[in-house]
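Chains D and L, in that order, are what the protein sequence lines are.
Just so you know, the first sequence maps onto residues 1 to 152 in our numbering.
Just so you know, the second sequence maps onto residues 1 to 516 in our numbering.
No lab work stands behind these hints, which were simulated from the structure alone.
Glycine included, every Cβ here is placed at the ideal spot set by N, Cα and C.
It is possible that part of the hints are untrue.
FRET-style restraints, in silico, Cβ to Cβ [stated by the list, open to error]:
id, chain 1, residue 1, chain 2, residue 2, range
1, L, N297, D, S56, 52 to 62 Å
2, L, K131, D, Q3, 22 to 32 Å
3, L, T137, D, L25, 21 to 31 Å
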Amino acid sequence: MAQKRIVKEYSELQKKPLDGMRISLPSEADMHQWQILIDGPKGSPYEGGVFTLHLSLPTEYPFKPPTLSFKTKIYHPNVTNDDKGSMCLGMLRADEWKPSSKIDAVLSFAKALLLEPQPDDAVEGGIAREYKENKKEFIKNAKAWTKQYAKK
Amino acid sequence: MDSDDEFMSGLSSQDEDFGGVEESDDGSLGDEFDEDNPDVGFSQDKDIKPGKKAYEVDFKAFSPEDIQSHQDKQIDEVSAILGQSSEATAILLRHLRWNKERLIEAYMERPDSVLETAGLGPESAQAPTTKVVKGFTCEICYDDIPGLETYALKCGHRYCVDCYRQYLAQKIKDEGEAARIQCPTNGCHRIVDAKSLDLLVAAELKSRYQVLLTRTYVDDKENLKWCPAPNCEYAVECGVKKRDLGKIVPTVACACKHRFCFGCTLSDHQPAPCLPVKQWLKKCEDDSETANWISANTKECPKCSSTIEKNGGCNHMTCRKCKHEFCWMCMGLWSEHGTSWYNCNRFEERSGLDGRDAQAKSRQSLERYLHYYNRYANHEQSAKLDKDLYNKTERKMTGLQLTSGMSWIEVQFLDTASQALQTCRQTLKWTYAFAYYLQRNNMTEIFEDNQKDLEMAVENLSEMFEKPTAELAALKVDMMDKTSYCNKRRVILLDYTAQKLKTGEWKFNVDIAMGA
Chain D
1 MAQKRIVKEY
11 SELQKKPLDG
21 MRISLPSEAD
31 MHQWQILIDG
41 PKGSPYEGGV
51 FTLHLSLPTE
61 YPFKPPTLSF
71 KTKIYHPNVT
81 NDDKGSMCLG
91 MLRADEWKPS
101 SKIDAVLSFA
111 KALLLEPQPD
121 DAVEGGIARE
131 YKENKKEFIK
141 NAKAWTKQYA
151 KK
Chain L
1 MDSDDEFMSG
11 LSSQDEDFGG
21 VEESDDGSLG
31 DEFDEDNPDV
41 GFSQDKDIKP
51 GKKAYEVDFK
61 AFSPEDIQSH
71 QDKQIDEVSA
81 ILGQSSEATA
91 ILLRHLRWNK
101 ERLIEAYMER
111 PDSVLETAGL
121 GPESAQAPTT
131 KVVKGFTCEI
141 CYDDIPGLET
151 YALKCGHRYC
161 VDCYRQYLAQ
171 KIKDEGEAAR
181 IQCPTNGCHR
191 IVDAKSLDLL
201 VAAELKSRYQ
211 VLLTRTYVDD
221 KENLKWCPAP
231 NCEYAVECGV
241 KKRDLGKIVP
251 TVACACKHRF
261 CFGCTLSDHQ
271 PAPCLPVKQW
281 LKKCEDDSET
291 ANWISANTKE
301 CPKCSSTIEK
311 NGGCNHMTCR
321 KCKHEFCWMC
331 MGLWSEHGTS
341 WYNCNRFEER
351 SGLDGRDAQA
361 KSRQSLERYL
371 HYYNRYANHE
381 QSAKLDKDLY
391 NKTERKMTGL
401 QLTSGMSWIE
411 VQFLDTASQA
421 LQTCRQTLKW
431 TYAFAYYLQR
441 NNMTEIFEDN
451 QKDLEMAVEN
461 LSEMFEKPTA
471 ELAALKVDMM
481 DKTSYCNKRR
491 VILLDYTAQK
501 LKTGEWKFNV
511 DIAMGA
């Protein structure tokens, strides 16, 4: 059941790609693991960078939410600053996920998060505090990391 | 301390005065609980015992069936008032956490918004059925084969029955959700009602769903708590509120015999109130072993009170923190030791006295804690030993029946005695935690006398269990006397403490009011 939906969602996203995103399958045999390249959105401190994300669909998909993680290091309050780069907020949480939600919505959500972080739902408290209290410093750091890790 | 007798005589007359005050006070407190508990469903069955002691509270144990029927009764009642179906009423009640008054009031004011927020949106009265829709594609699985059975809640978001089933199964089985499962559509907050669930869900999940629904009922109600005993399915009702917990220790007993505190669901901890109990348990967990070790192996620097372990070497100590030099033996200044190093015989010197004074002071709090802790732990341990002893005795009870020709009913006094021992030790145990947080005043003397009396009664009874089985038959009357004396002493102790707790006369060195 899930297979049909995943295939359809994938081919629709290939036909009509989201702005500034490229989707591919690291292994053609496994439809449950996707790779996504996102361009840092214009006007954000991530502009000029390209970020690699990993989308993993659980076997219970779409009844359980996909997990999304940053493979490229990013300075962001909602992304863990470790080798996992995991995120857990909004529609990505099991209790908020609805089976009718689609992957394009998940990806749009991730992109929106780059433009506007949600410091009140942060996984990196320090970065969230900086974002709220010292935006200038936050932008400086985020830009520096983008330059260092996400260079095209 | 020297005027013990004066305190005692002064208090005993005072004590009688309180006897009079207590009754009216007890009544008013009871009324207060009643007012706070306008829950018609349960309070009808409330039995008010005539000679209720100050430490007793009203409570009632309910079986899962009772809980179900109470729920149904309330749903029926409110459904009649609101003119809503019982499914909708159940959702509304659960949505407002079973606060009937709030629901009725809110519904009368603005019914539409109440329905909307509870996920009941605009009504389009139709019995729930699945149907086949021409040209339908399920938005969850993207299946579009003709003849696909589909279902939608009143919000109209339609999915195939298989997806709906899987969605519900996961919510119920994996996530333990029941009362607040929403429509599978992103952004739609309509709640899946009981009828829809009945239609879609497999039989074995339905019972799980019922269990979960019942659970939310008890979880949502402030005056109901699950019995914490393993495998017990009963809930206990009690009107004592969280804010009252500084004034009363609400011990309740479930139908399964487990006695627990309604305030914090720990095992019965009368006479100590919930908050000190919590702090005590935490302290014991953190400190006990450490404190024992510190007490046995260390001394404090007479100048800065840093704790020092002497792990070898001579008696010439130099505090690493404040560089104070002193003698480990007499705690006096090292500079005054002259040439008699390594051999301290200057016990009476001034500086040594001062040093030991400082030492004693900082030791005091530690020793004080250990005093109470050791007695607390002792009763805990003894209760276990008593139980072991009793288990052995129980086997011998059969023997006793044979040797003395006593009937089964006649040897039950052993069982009664053992239970009294367990309960009294439990109480005694907590008197020490209670006393640890108590500020000394003239009432503490009475408390300690009560404690001592109960302790003696308990030890006397406990001792009898060690007698050989053959002698037990002859001791029956004595044992029964001692048992009832134990119980009497316990009642006296608890009643006195509870009275003073209600009137706020105990002074504690910690905060005892919840949420203060």
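Results for each hint:
| no. | hint | in the structure |
| --- | --- | --- |
| 1 | N297/L with S56/D: 52 to 62 Å | 55 Å, holds |
| 2 | K131/L with Q3/D: 22 to 32 Å | 26 Å, holds |
| 3 | T137/L with L25/D: 21 to 31 Å | 24 Å, holds |
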